[in-house]
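A.B. asks: Letter by letter, the chains look like this.
Protein chains: 2
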Amino acid sequence: MAGSKCVRLSGELAKQLLASVDSVLFDCDGVIWRGDQAIPGAPRVIELLKEHGKKVFFVTNNSTKTRKMYVDKMSTLGFNASEDEVFGTAYCSAIYLKTVCKLQGKVYLIGSNAMKQELEAVGIQQTGLGPDHIFGKQTDWANVPLEPDVKAVLVGFDEHFSYMKLNRALQYLTRMDCLFVGTNRDTRLPLEGGTAVPGTGCLLQAVETAAQRQAATVGKPSRFMFDCVASKFHVEPGRCLMVGDRLDTDIMLGSNCGLKTLLTLTGVSTVAEAEANQKSGCSERQGMVPDYYVESIADLLPALQG
Amino acid sequence: MAGSKCVRLSGELAKQLLASVDSVLFDCDGVIWRGDQAIPGAPRVIELLKEHGKKVFFVTNNSTKTRKMYVDKMSTLGFNASEDEVFGTAYCSAIYLKTVCKLQGKVYLIGSNAMKQELEAVGIQQTGLGPDHIFGKQTDWANVPLEPDVKAVLVGFDEHFSYMKLNRALQYLTRMDCLFVGTNRDTRLPLEGGTAVPGTGCLLQAVETAAQRQAATVGKPSRFMFDCVASKFHVEPGRCLMVGDRLDTDIMLGSNCGLKTLLTLTGVSTVAEAEANQKSGCSERQGMVPDYYVESIADLLPALQG
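Line by line, the protein sequences give chains A and B. Counting from 1, position 303 in the first sequence corresponds to residue 303 in the UniProt record's numbering; the numbering is continuous, with no gaps. Counting from 1, position 55 in the second sequence corresponds to residue 55 in the UniProt record's numbering; the numbering is continuous, with no gaps.
Calculated directly from the structure, the hints in this document are not laboratory data. Possibly wrong hints are sitting among the right ones.
One copy or two, either will do: identical chains are not told apart, so a pair holds if it fits within one copy or between any two.
[Said to hold, decoys possible] Straight-line C-alpha distance at most 35 Å; calculated DSBU-like pairs for lysine-lysine:
| id | residue 1 | residue 2 |
| --- | --- | --- |
| 1 | 50 | 151 |
| 2 | 137 | 151 |
| 3 | 137 | 55 |
| 4 | 137 | 73 |
| 5 | 137 | 68 |
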């Protein structure tokens with residue numbers, strides 16, 4: 001129904017929405033925590049949802065943590081979660097390479113130690129982790145030693161990203177049979193105080209430009225994140241709620257997968273941006289209009305406690 | 001006249017073309033040399049053009065050499081040229097910042113020592129040259145010390161490109177008054193044997209993605225390279241010939257500036273690609289169809305010796 005989206009959620013409406021879903025997917029940063037601080041009330045929301053028999057999952061584009069690292073962080077911040085409930089792009093990209101690509105061979109990894117661990121957990125070896133400094137001249141770069149059994153380039157967040165890594169990725173990707181996968185396209189990692197640092201999207205764009213190829217991406221808004229949850233647990237899209245702070249990733253994922261969507265204002269996106277998308281008349285931007293919004297997920301507490 | 005473009009140049013037609021121009025602009029790599037080898041006959045072509053009273057200029061997107069370095073390389077390969085005749089993007093980006101932007105302040109440089117030298121030659125100081133390794137955590141990156149008098153970010157080829165440089169560029173570019181300039185958008189540097197390494201375009205794309213801003217670029221096909229020549233020497237566009245091996249940079253520059261254009265097949269682009277552009281019916285691609293082509297610029301020798 002036109003005009004019925006982007007509605008502020010409270011009171012009876014919140015109760016109705018929660019009654020209409022069996023599963024809730026939460027983004028993490030900007031939704032249940034900010035940096036190293038839990039959003040006040042968020043641990044209790046998660047706890048009450050579970051008490052009401054809802055399945056709860058955490059889906060994040062951050063590729064720098066394993067599921068175990070997430071559970072540890074959540075525990076420190078007062079959340080009760082198990083590894084099974086956590087879907088980060090370090091884990092999901094390993095699953096993607098294993099189950100969708102059925103990769104036979106190694107990965108050239110531009111990424112983190114967490115990605116290495118998640119790859120190894122599904123039996124995929126990697127090469128490339130850590131610094132890779134420049135040496136020699138252009139002809140040396142073009143003839144840099146490559147490992148013959150590398151069959152995929154995987155790009156995630158990598159603080160050691162360098163020209164040499166970009167070059168090595170290009171040399172692997174000029175092989176005909178080399179797959180090309182990225183964890184996500186987030187252009188910036190927002191930090192407290194309105195600052196930000198470059199995100200994985202910048203690194204992926206550099207590699208794509210060099211390789212003149214486009215990577216398949218695993219993270220939100222690509223539907224693989226949801227498929228990953230749905231393949232392990234029974235999740236009916238129409239009875240699932242996606243809660244996030246970003247219109248272009250979280251809400252877009254929900255729209256792409258036919259989920260109900262809830263924007264929370266404790267992170268990146270604003271109601272004004274959602275309304276601008278709604279009024280734009282641009283069909284792609286309609287996917288970036290949430291069904292509902294709240295100031296904070298703590299606004300769900302009355303409906304869960306009532 | 002439709003159908004009269006992309007004509008093979010020889011015999012009388014070559015004589016007519018040369019008689020119709022006063023100035024000839026040459027791209028360098030793939031046109032007058034390949035790597036460290038002169039194209040056979042190319043030094044003699046340049047010499048004879050000058051003997052016939054033609055002004056000759058060298059315009060290159062390569063940002064790793066000063067004009068002096070170019071003249072030295074040309075001398076080694078048997079070409080007779082002066083610094084005044086050479087227009088590389090290291091030099092042209094310094095001129096652009098000085099004369100077009102009228103920059104008051106420093107440059108944060110992602111680039112080469114040659115770029116530093118050309119900037120200093122016009123009185124612009126830089127910061128950023130050389131390696132910049134990662135340290136600390138995300139909050140340290142967002143709060144990396146910045147120099148207050150930096151008023152422009154300039155991106156050229158930089159083998160020390162790193163995540164920290166990308167981050168530093170982002171932090172400078174979030175300042176309201178920071179200019180953003182790139183030397184060129186070439187995505188790859190082609191080498192002998194069909195290999196290639198990543199070009200400046202990859203680095204620029206990464207910075208643009210992080211900054212969510214588009215850089216002004218100085219190099220071909222941007223017309224600034226031609227304006228740079230034309231502002232120092234009297235060059236009438238209609239009586240000027242652009243000779244290059246790349247359709248997307250050299251020939252496009254010629255089209256953008258109303259020059260006559262000649263594709264030489266000793267480098268990157270092919271006649272088939274030129275013909276595909278011509279037949280595409282796409283107006284942007286018509287700029288990537290040369291007026292004429294030769295196998296090598298040595299094919300001009302008979303017309304010059306006759």
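A.B. asks: Would you mind marking each hint as holding or not holding in the structure?
C.D. replies: To see whether the hints hold, each was checked on the structure:
In the homo-oligomer, the alpha carbons of residue 50 and residue 151 never lie at most 35 Å apart, since the shortest distance is 41 Å inside one protomer and 53 Å across protomers. In this assembly of identical chains, residue 137 and residue 151 lie within 35 Å of each other by CA distance both inside one copy and across copies; the values are 26 Å within and 32 Å between. Only between protomers do residue 137 and residue 55 lie at most 35 Å apart by alpha-carbon distance; the minimum there is 34 Å, versus 55 Å within a single protomer. For the homomeric pair residue 137 and residue 73, the shortest alpha-carbon distance between copies (16 Å) is at most 35 Å, but the shortest distance inside one copy (44 Å) is not.
Proximity of residue 137 to residue 68 under the C-alpha cut-off of 35 Å is restricted to the inter-copy arrangement: shortest distance 20 Å between copies versus 42 Å within a copy.
The structure does not agree with numbered hint 1 stated previously, though it agrees with all others.
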